[in-house]
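Trainee: Protein chains in written order, with this note's numbering: chain A, 1 to 341; chain B, 1 to 341; chain C, 1 to 341.
It is possible that part of the hints are untrue.
The list cannot tell twin chains apart, which means a pair is met if one copy fits it or any two copies do.
As a list, the in silico DMTMM-like pairs of lysine to aspartate or glutamate whose alpha-carbon atoms are at most 25 Å apart [claimed, not checked]: (1) Lys338 with Glu110; (2) Lys300 with Glu224; (3) Lys300 with Glu110; (4) Lys338 with Asp284; (5) Lys197 with Glu312; (6) Lys324 with Asp225; (7) Lys324 with Glu337; (8) Lys300 with Glu147; (9) Lys324 with Asp208; (10) Lys300 with Asp311; (11) Lys197 with Asp7; (12) Lys300 with Glu331; (13) Lys339 with Asp311; (14) Lys338 with Asp135; (15) Lys197 with Glu147; (16) Lys318 with Glu110; (17) Lys300 with Glu66; (18) Lys300 with Asp230; (19) Lys339 with Glu134; (20) Lys338 with Asp281; (21) Lys197 with Asp21; (22) Lys324 with Asp135; (23) Lys338 with Asp36; (24) Lys318 with Glu31; (25) Lys339 with Asp21; (26) Lys197 with Glu31; (27) Lys318 with Asp7.
Hints were generated in silico from the structure; no laboratory data involved.
Each chain, letter by letter, is given below.
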Amino acid sequence: MQARIGDLAALLGGELIGDPDHTVVRIGPLERAGADTIGFLANPRYQSQLAASAAGCVIVAPAMREAAAARGAAIVVADPYLAYARLSQWWAAQGRERPAAGVHASAVVEPGARVAPGAAIGALAFVGAGAVVEDGAIVSAQAHVGENAFVGAGTRLMPRSMLSFGCRIGARGIVHGGAVIGADGFGFAPEAGRWTKIEQLGAVWIGDDVEIGANTCVDRGALEDTFIDDGVKIDNLVQIAHNVRIGAHTAFAGCSAVAGSTRIGSRCTIGGAANIVGHLDICDGVHISAATLVTASIRKPGHYTGVFPCDEHASWEKNAATLKHLHSLRERLRALEKKTS
Amino acid sequence: MQARIGDLAALLGGELIGDPDHTVVRIGPLERAGADTIGFLANPRYQSQLAASAAGCVIVAPAMREAAAARGAAIVVADPYLAYARLSQWWAAQGRERPAAGVHASAVVEPGARVAPGAAIGALAFVGAGAVVEDGAIVSAQAHVGENAFVGAGTRLMPRSMLSFGCRIGARGIVHGGAVIGADGFGFAPEAGRWTKIEQLGAVWIGDDVEIGANTCVDRGALEDTFIDDGVKIDNLVQIAHNVRIGAHTAFAGCSAVAGSTRIGSRCTIGGAANIVGHLDICDGVHISAATLVTASIRKPGHYTGVFPCDEHASWEKNAATLKHLHSLRERLRALEKKTS
Amino acid sequence: MQARIGDLAALLGGELIGDPDHTVVRIGPLERAGADTIGFLANPRYQSQLAASAAGCVIVAPAMREAAAARGAAIVVADPYLAYARLSQWWAAQGRERPAAGVHASAVVEPGARVAPGAAIGALAFVGAGAVVEDGAIVSAQAHVGENAFVGAGTRLMPRSMLSFGCRIGARGIVHGGAVIGADGFGFAPEAGRWTKIEQLGAVWIGDDVEIGANTCVDRGALEDTFIDDGVKIDNLVQIAHNVRIGAHTAFAGCSAVAGSTRIGSRCTIGGAANIVGHLDICDGVHISAATLVTASIRKPGHYTGVFPCDEHASWEKNAATLKHLHSLRERLRALEKKTS
Chain A
1 MQARIGDLAA
11 LLGGELIGDP
21 DHTVVRIGPL
31 ERAGADTIGF
41 LANPRYQSQL
51 AASAAGCVIV
61 APAMREAAAA
71 RGAAIVVADP
81 YLAYARLSQW
91 WAAQGRERPA
101 AGVHASAVVE
111 PGARVAPGAA
121 IGALAFVGAG
131 AVVEDGAIVS
141 AQAHVGENAF
151 VGAGTRLMPR
161 SMLSFGCRIG
171 ARGIVHGGAV
181 IGADGFGFAP
191 EAGRWTKIEQ
201 LGAVWIGDDV
211 EIGANTCVDR
221 GALEDTFIDD
231 GVKIDNLVQI
241 AHNVRIGAHT
251 AFAGCSAVAG
261 STRIGSRCTI
271 GGAANIVGHL
281 DICDGVHISA
291 ATLVTASIRK
301 PGHYTGVFPC
311 DEHASWEKNA
321 ATLKHLHSLR
331 ERLRALEKKT
341 S
Chain B
1 MQARIGDLAA
11 LLGGELIGDP
21 DHTVVRIGPL
31 ERAGADTIGF
41 LANPRYQSQL
51 AASAAGCVIV
61 APAMREAAAA
71 RGAAIVVADP
81 YLAYARLSQW
91 WAAQGRERPA
101 AGVHASAVVE
111 PGARVAPGAA
121 IGALAFVGAG
131 AVVEDGAIVS
141 AQAHVGENAF
151 VGAGTRLMPR
161 SMLSFGCRIG
171 ARGIVHGGAV
181 IGADGFGFAP
191 EAGRWTKIEQ
201 LGAVWIGDDV
211 EIGANTCVDR
221 GALEDTFIDD
231 GVKIDNLVQI
241 AHNVRIGAHT
251 AFAGCSAVAG
261 STRIGSRCTI
271 GGAANIVGHL
281 DICDGVHISA
291 ATLVTASIRK
301 PGHYTGVFPC
311 DEHASWEKNA
321 ATLKHLHSLR
331 ERLRALEKKT
341 S
Chain C
1 MQARIGDLAA
11 LLGGELIGDP
21 DHTVVRIGPL
31 ERAGADTIGF
41 LANPRYQSQL
51 AASAAGCVIV
61 APAMREAAAA
71 RGAAIVVADP
81 YLAYARLSQW
91 WAAQGRERPA
101 AGVHASAVVE
111 PGARVAPGAA
121 IGALAFVGAG
131 AVVEDGAIVS
141 AQAHVGENAF
151 VGAGTRLMPR
161 SMLSFGCRIG
171 ARGIVHGGAV
181 IGADGFGFAP
191 EAGRWTKIEQ
201 LGAVWIGDDV
211 EIGANTCVDR
221 GALEDTFIDD
231 GVKIDNLVQI
241 AHNVRIGAHT
251 AFAGCSAVAG
261 STRIGSRCTI
271 GGAANIVGHL
281 DICDGVHISA
291 ATLVTASIRK
301 PGHYTGVFPC
311 DEHASWEKNA
321 ATLKHLHSLR
331 ERLRALEKKT
341 S
C-alpha cells in the first residue's frame, strides 16, 4: 500500500505544504518515522517531536503551520487527531479485504433465518432460526447469532463473538471476539437459604454505531430489555448488568462494570476498572476516574474520583494502618481543640 | 403467550382478588404496566407505585392486601419476590422452546463419548472422547465438553461455553456463554529469573444447581480439584483460581475474584469487583462489599468493607494528598496531646 | 500411572533416601497424602506437616534431610518447589495424550494457510488464509487463527482461544480458552459529541515461552504492534491495551489491566486486579500489590501499594466518612499546632 500525500490532503480536506507526489507507505509515530511515513501532531505538548521527526509528511493544526513548514511536507487541518482517525479508516479500507458476501459452506444457518444477499456468514458461524442479518453485515468465523436475533446493516460480529437469542444490534456496529451479548442477568430470590432463579425474560437492545469490546458482557433484562443507545463505545472485559440503560455516546474503558438497573446518561466517560453499583441514576456528562467505585446517584455533571493513592509499600502500610483509626483521630483532634479554645 | 390470572394464583399458591378470567400477556414493572400486564410489589418502600399502577394484576404480600384490593385484581402470597421468581420460571418454560434431543449434524462427538438419548448436542458443538452427557442436558451450539468431562442431568451449557477435559458439573446447572471451566491454574516456580510451569494436574468439581456467568473462569487445581459446592451462583467475568473451595449457596457478583487456595464458606455473598487474596479462610455467612480487597482470613460472620469513598475529583485530590501523610498527622496529633496534657 | 521413586530421584537429579522400588501413583499435598503419594515441602514454615505426613515419599531441601529421613523415603534437592514443577511436567507428559498431528476433518483451513506436518488442528478449528502454524503446534478444537497470523513451534492454542489476523506468537507458548489476542485497541477521536473510530493498524507480537490466561485480552496496536517479550506469564481475565510493551519474564495475576501505550519492564509482578493507567513507564523489577491503581510512572524497583484496608463495615463507614474531611482535619491540626507553639 502506498499513497500520494496530495491525495491524502484532499481526502482530509487539509492544506498541503510540499510536493503532492511524495508517497508514504504507512502511518507512524513521529519519533520513529522515516521519509515513507506520514505522522501527526495532535498535542502541542509534543511539539519538540515535530522538529526532530524524519517523517515524510506530518498532519498539524494551523498553529503549527510555520514549525511544520520549516521541517518539510505537511497537511494542515483544523483537528489533526480527527484527521488521523479518518486517515486510519481510509488506510484500513484500502489494506484489509472485506469478506465476500454469502454463507461459508461450513456455517450453520438454521431454517427460518433471513440473511440478506449482501451479508457475509463466515466459517463455522451459527445463525439461529428466525434471526435476521441485514445487508452488508458480517458474521465472522465461529461467531454466533441466536434465534430471533437481529444484526443491523453493515454491523460486524468479529470471530467468536455472540449475540444471544432475541437480542438486537443496529447498524454499523462492531462486536469483538468473545463478547457475550444477552446472557442471563444475575437474579435470584432467596428461599430458605437457597437461591431460586429469576428467569430473565427481557433481551438486549443496542442502537446504531455501537462498538463492544472483546470478552465484554451485556446481560439480558429481567422483564424489559437492557438498553444501549446510539454511538456508545465499550472496551474489553466490561460488565453491563441486566436492565441497565446507557445514553448515547457514552464510553466505557476496559474492565469497568455497571450493576443492575442503573441508568447512565449521555456523553459520560467511565474510566478503566471503575464500578457503578446498581439502581443508581448517573446524569449526562459525568466522568468517572479509573478504579473508582460509585455508590450513590450523581445528578451534577463533572469529574468524580475515589482511589487510594499508590505509594511505596512501607509508606502505604503505615498510612493504611492509621486509616483504621481515622475516626478516633478526629475525635482526639476535636477534644484537643476544645481543650485549647 | 397469555395466562388467566386465576391459573397464575393457583400456580403460585396465592389468594386471588378479582376476576380469575382476566388474562395477562406479560410480567412487567408496576410503573409501566397496562391491563395486560401482571406486576409485583416486593418492597413495601415502593407502595406508592402500587396505587398508581395500571397493571391488570399485582402480586402482593398480605400486609398490602387492602391497598391492592382497592386498586383492582391481585394475588396475595407470603413472599411476592419469590412468587415472581417462580412465575418467571413458568413463563420462560411456556415461552421458550427446548432444543430437541439428539446430536446436530454439524456437532463433533468423539468416539467413546457417552451422550444420553434425552440430551441435546447443538450445532458445531464439541464433545470429547470419554465425556459423559447425562439425560436432559443441553450442550448448546458451539459449546465445548472436553475429554472425560461430565455434564449432569438437566444441566445447560449455553452457546460458546466450555467445560475442559476431566472437569465435572452436576445436575440442573447453567454455564453461560464464554465461561471457561478448567483452564490451567496460574502456577510457576521461579528459576534463575524465569518461570518454570507447574502443570495443573487437578480438575474442577462442581455440584448441583450451580450457575456460572458469561466469560467467568474457574481454573483447574494444581494437585487436587477446585471445588464448588451445590447451589453456588457466580455472575459474569468472575475469576475463581486453582484449588479454591466454595461452600454451598454462596454467591459472587460480577467481576469479583478469588485467588488460589482460598476457602470460602457457605451462604456468603461477594460483592461486584471484590477481590479475595490467596490462601485465606473465609467462614460461613460473610458478606463482602463491592470493590473491597480482602487480605486476611475472616472468622466471624458479618459484613466487611474497604473502599475509598467517591467524591468530586477536586475534593478527592486534596484528601488523597493528605492521606499520604496520615501517619505523620497522627504523630503530630500525639505530640500535641502530650504537650497540652 | 505409577512411578518408582528411584526413577523420580534420577529425573529430578536429587539424592534418594529409602527404597528406590517404592512406587507412587500421584503427587499430593502432604496433609492428605498416603503411601501411594509423593509430596513436597517447599516452605520451611510448614515443617510440622512433614512429620505428620503419611506420604510414601517427600521432596525436601538439604536443610530438611534429617527430619525427612526420620519419617521415611525422601528425595533431597536444592529447590523442592522447582523440583515439584519439573515433576508436574513429567507427570502431565506421561498422563495426558498429545493430539495426533494432522487436520481434523471438521476443521476449516483456508487456502493459502501453511500448516506444518507435525502440527495438529482440532475439531471445528479455523485457520485463515496466509496463516502459518509451525511444527508441533496445536490449534485445539474450536480455536481460531486469523488470516496471516503466526503460531510458533510447539505452541498450544487451547480450545476456543483466538489469535486474530496478522498477530504472532512465538515458540512453546500456551493460550488458554477464550483468550482474545488482537481485537481492536480502544481508540476514538471526539467529533462534535460523537466518537470517530481510529482503526487499529498494528497487530500483536508475542515472544517465546509466553502463557496467556483464559478470557484474557491483548489488543492490537494503533500504529505499531503491541509487544509481549519472552517468558511473560499472564493469568485469566487480564486486559493488555493497545501499544503496551511488556518486558521479559514479567507476570500478571488475574483480572489485572494495563491501559494503552504503557511500557512495563522485565521481571515485574502485577498483583491480581491491579490496574496501571496509560502512557506510563514502569521500570524493571517493580512489584505492584493486588487491587492497586498505578497512576504515575515508576522509576525505582520495589514494592508499591494503594489499597483501602478491609474492615468490619461499621468501622469502615466511620473512617470513610471522616476521610472525606481529611484535608480539613490537617488544616485544623496545623492551626492547633500554631496556637500551642
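Trainee: When the hints from earlier in the document are held up against this structure, which numbers fail?
Mentor: As far as the earlier hints go, 1, 2, 3, 4, 5, 6, 8, 9, 12, 13, 14, 16, 17, 19, 20, 21, 22, 23, 24, 25, 27 are violated by this structure, in ascending order.
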